[in-house]
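**Student:** Sequence:
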Amino acid sequence: MEEKDHRALLNQGEENELEVFGYQTQSLRRAICLTASVLTCGVLLLVFYWRPQWRVWATCIPCPLQEADTVLLRTTDEFQRYIRKKVIYLYLSTLKFPISKNPEEPLVADRHSVINHAILKPELKLRCIQVQKIRYVWDNLEKRFQKVGLLEDSHSCYDIHHMFGLGLTHEEREVRRLVCGPNAIEVEIQPIWKLLIKQVLNPFYVFQAFTLTLWMSQGYIEYSVAIIILSVISIVLTVYDLRQQSVKLHNLVEDHNKVQVTITVKGKGEQELESRLLVPGDALILPGKCSLPCDALLIDGSCVVNEGMLTGESIPVTKMPLPHMENTMPWKSHSSEDYRKHVLFCGTEVIQVKPTGQGPVRAVVLRTGYNTAKGDLVRSILYPRPLNFKLYSDAFKFIVFLACIGVVGFFYALGVYMYHRVSLRHTVAMALLLFTGTVPPVLPAALTTGIMYAQKRLKKKKIYCISPQRINMCGQINLVCFDKTGTLTEDGLDLWGTVPTADNCFQEVHSFASGRALPWGPLCAAMASCHSLILLDGTIQGDPLDLKMFEGTNWIMEDCNVDYCKFRTSDSNIIIKPGPKASRSPVEAITILRQFPFSSSLQRMSVVAGLAGEDHFHVYMKGAPEMLAKFCRSETVPRNFPQELRNYTMQGFRVIALAHKTLSLGKLSEVDSLSREKVESELTFLGLLIMANRLKKETKPVLKELREACIRTVMITGDNLQTAITVAKNSEMIPQGNQVILVEANEPEEFVPASVTWQLVENQENGPGKNETYINIGNSSVLPEEQGNCYHFAMSGKSYQVLFQHFNSLLPKILVNGTIFARMSPGQKSSLVEEFQKLNYYVGMCGDGANDCGQLQLFGNYQYIVQDIAITLMVCLTMSSTHAYPKLAPYRPAGQLLSPPLLLSVLLNTCFTCIVQICAFLYVKQQPWYCEVYRYSECFLDNQSNFSTNMSLERNWTGNATLIPGSILSFESTTLWPIGTINCITVAFIFSKGKPFRKPIYTNYVFSFLLITALGLTVFIMFSDFQAIYRRMEFIPTTTSWRVSILVAALIQFCVAFFVEDAILQNRELWLLIKNKLGFCSKSQYRNWQRKLAEDPTWPPTNRTDYSGDSQNGFYINQGYESPEQIPKGKLQQGGQTTEQHFWTRL
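Position one of the sequence shown corresponds to residue -17 (my numbering), numbered consecutively onward.
Just so you know, these hints were derived from the structure itself, not from any lab.
Mixed in with the good hints there might be a few duds.
Claimed, not checked - Derived CB-CB ranges, DEER-like:
1) 183 <-> 320: 43 to 51 Å
2) 203 <-> 1023: 31 to 39 Å
3) 1021 <-> 401: 33 to 41 Å
4) 85 <-> 320: 20 to 28 Å
5) 1055 <-> -5: 44 to 52 Å
6) 1055 <-> 215: 25 to 33 Å
7) 9 <-> 122: 21 to 29 Å
8) 25 <-> 875: 35 to 43 Å
As the list claims (entries may be wrong) - Within a straight-line C-alpha distance of at most 30 Å, the following computed DSBU-like cross-link-like pairs (lysine-lysine) qualify:
9) 444 <-> 678
10) 314 <-> 379
11) 248 <-> 103
12) 180 <-> 379
13) 975 <-> 443
14) -14 <-> 107
15) 686 <-> 444
16) 323 <-> 129
17) 679 <-> 869
18) 103 <-> 115
19) 530 <-> 271
20) 443 <-> 981
21) 444 <-> 379
22) 442 <-> 869
23) 682 <-> 820
24) 444 <-> 975
25) 869 <-> 907
26) 682 <-> 660
27) 441 <-> 271
28) 1065 <-> 795
29) 907 <-> 1059
30) 444 <-> 248
31) 780 <-> 660
32) 444 <-> 336
33) 115 <-> 125
34) 323 <-> 78
35) 869 <-> 1065
36) 678 <-> 530
37) 83 <-> 686
38) 248 <-> 314
39) 83 <-> 103
40) 438 <-> 975
Since the model is a prediction, treat every value here as computed from it, not as a measurement.
Backbone N, C-alpha and C define an ideal beta-carbon position, used for all residues, glycine too.
Please work from the sequences and hints to get the whole structure.
**Tutor:** Right, dumping it as structure tokens:
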């Protein structure tokens, strides 16, 4: 058997990529495992539950995937989690109509469909697996599992229209429904018993159950019961929370499965059915307002949808039909246009439909069920990505360390008790007590309490976290990426003015602040018509920029009527006409006949419009000035266009360019067949629309606070690069005096490799009498000496993409000082954040042991309960409720438990505790009144009168029945208990650090009250001579002077511990000095690059051009885009990177 037959990849190249291995179940192996499970009382089954891969390896043998009845799936990320799945057979014989068994006859119209490849003939069956709600079928042709429930991306526009446009036959629909499953996003409401079992079978709770059973068998009833009550409360609350989440998610998606839809069935016409019966390829009819139950591809008509469910912005989006193309190119890449403009996503709301001609608006079902956009969103909630955070791996190491101590204690006790020939039962019990006592039973409560308090504080500020475990990472954030518009600047844009052109020259600026109406002309017509606004229930809705631009014309929208709408068609139900405040216009109305929507990748939009009273049509276009100028006739673009554009962008204005041309078409019907390429060509440049993009009042203070906290800030925007630079300077994201280097990268051409040019921005000055910053690009080739490393790289999305593809090894050098990324598409923004994370940055994006159980045998039962329940546990559960300090610190809190200050803090406090307790243990034996109570009970009774402070207590105490073998009554335990208890209070106080990360301890009223109460209770127990208290606590009355000595010793320990913690361990300057002396450096990738670049005299480059493959400047490759066979072996090794395996996996 070859490895390729046994192993394959699912979802190759995608985020949820999985390795799949084939296995065949062996009856003998299953029988052996079943017998072993019975003999181990179910322990083996529990292990198999925790480790599904062990179950597969124990009961199955490897085999080719084609023959497998069980598959083992493994994630390809660093966690390498395993999932076990059974292979399921689906039989087409269950369908209620005859099916051809001829292998030459396809069962679905699309011959290349995976469904045809999956069905075995003449058996009429197929093999499949269900993984995380997605169904995969075995492709007998490709010899691999493939996803079903969607149309293949290889279909061309022609295929979509002609193969699916008229609908599917009834028989084909039934076959697809059986193979693909229902079009339903079903979230099961987990039964309480199932949730309860899952919680109880958690490895920690299983260990805890074993521990508590053991402790109760040894007589620790009260403490065990207290822990059981705490655990039950914790489990009940967790189950309740999970149940509520399950119910909420179920209710959120349930309505999706009950939508009534109308489809076209080939040969039978229209048919109404429930949305769960839809299959990929169905022809769906959109009657009007509705909620989409699937992902669909629009083929006829256009519509307006609200995609707020996906994007969070309730801005209407116009969807256009997939064009009729004769070529065989896949439909997603039929042109450079964004394919999402043709796709209606599941869960979004259709708010308006615009039919073309006489037929209805139609769409082809593209994806169903969990394959849809909404299904993918729900899957991300049901199966979240594991969190790789150093703190959690360190916590796991800590628990493993405690377990190792327990193992050592186990064998030590085993040896000691066996040496003294103690009974086997008692020996094993004591050894297990030492083993189980090392892992505190209340550890889960202590670890989750902090997150709970943090969530509560965030919720008060209306901040919601869908992944609470990530809250701990927030304190480690050292880079924040900001969007510009609406985040750093005001949400709305203010119209500043227009700069029209005439005779290849810019004309006088029209200022909106003057109050004068915008004069009629092509520029005014473009502003009134070139937008995606809609009229919904009498209200104009759409993109805020479009809305502000339209309002500047003083034109209005109305429903279409015969008087004004000469070009009236079913594609347009509104008209645009001059309002009361608009300037006089010879045109009574404008009708938008065709729209080519805005795309972030295209950076432009255009419309075909008809003006009432005219026989020809007009094209109006708006977009990014540098982009739009490329589509205009050169003679219409003013020669000083770059300078004029820079003049406004350098002042931080948002600049939009507009263009126009006249179309000579004979018929209205020809408008629908126009291609975008033909419409957007040979235009006349009309001018610029200038919009003020003012900073928010809180922008500067927030950026200043982040800068003072040594948190780096980066701007990622879709706006103009020069505008972004100006906003960065005005907001002081780029501090005054720092240099900016423009990075411009170009794709390779026929004889020229990819290149990157570095250009220094210099001569920063303020315009006379203005506050705006002006920037000139000079020819200086070096940075000023006094500026040192104070430089920032700025680039566009296009340059970033070229760098990512052709200069990948150069990219980290740029990112460690990259501050401005403009004209970035959503995909590029995500890619950039991932690249920052690869450099070990903790990135934020802003846009629209608690107790010592090792001495279990040292104290009595009630001593242990008072110390661990009444004091330690209560303090532990409230110490995290201290609020955050209002000002950010210029450094991060420790992100790992194994950092030197934390380790030293724990070790030194442990040492202090040991020293004080050992001294007290030895010193108490030197006292004249000391005796070993069990061996010299008569001596003890005779000497009670020498130190008892309460004669009545003396007589009653000496007469009790605790002086029997097995009692732990001793002077040692009476002395050590108050020292240990006060030590718990001391540690809680010292570890509850206030400034710089949290408010002072006294602001946490509950915690402070508990500390004071615990201390008071301890002192009270020490100095009281109440018989009931001493009997329960199993104490012996001692002299007052000795009790005072104990208190003084505890006080001295507190003072020493507090001084060491505050003056040494928390002394940041001291630690920095030690780091410098020892030559310790951060291992973060970005820190390594910063050190390397600081020592490189040629960095940063300025006013030069580098080419990919240039031997002098390095060999830049990206293995994600280039085949390994095309790269020399030595350079491949140089460009490759090793990935560190996760600790959990290594274990």
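**Student:** Given the hinted pair residue 686 and residue 444, is their alpha-carbon gap at most 30 Å?
**Tutor:** 23 Å, holds
**Student:** Are the Cα atoms of residue 83 and residue 103 separated by 30 Å or less?
**Tutor:** 6 Å, holds
**Student:** Honestly, do residue 1055 and residue -5 meet the 44 to 52 Å range at C-beta?
**Tutor:** 49 Å, holds
**Student:** Quick one, are residue 682 and residue 660 close enough, alpha carbons at most 30 Å?
**Tutor:** 46 Å, violated
**Student:** Could you grab the alpha-carbon distance between residue 180 and residue 379 and see if it respects the 30 Å cut-off?
**Tutor:** 24 Å, holds
**Student:** Does the hinted range 31 to 39 Å hold for residue 203 and residue 1023 at CB?
**Tutor:** With Cβ atoms ~36 Å apart, the hint holds.
**Student:** Quickly compare the C-alpha distance for residue 441 and residue 271 to 30 Å and report which way the hint goes.
**Tutor:** Violated. Residue 441 to residue 271 sits at ~35 Å, over the 30 Å cutoff.
**Student:** Hint check: residue 869 vs residue 907, CA-CA at most 30 Å. Holds or violated?
**Tutor:** Violated - the C-alpha atoms of residue 907 and residue 869 are around 52 Å apart, more than 30 Å.
**Student:** Is residue -14 close enough to residue 107, meaning Cα to Cα at most 30 Å?
**Tutor:** 24 Å, holds
**Student:** Residue 1065 and residue 795: Cα distance at most 30 Å?
**Tutor:** This hinted pair holds, its Cα atoms lying about 16 Å apart.
**Student:** For the pair we were handed, residue 323 and residue 129, check the Cα-Cα distance against 30 Å.
**Tutor:** 24 Å, holds
**Student:** Compare the distance between the alpha carbons of residue 678 and residue 530 with 30 Å, and conclude whether the hinted pair is satisfied.
**Tutor:** Holds: residue 678 and residue 530 sit about 18 Å apart, inside 30 Å.
Going down the numbered hints, you'll see the structure goes against 4, 6, 10, 21, 25, 26, 27, 29, 30, 32, 34, 37, while the others check out.
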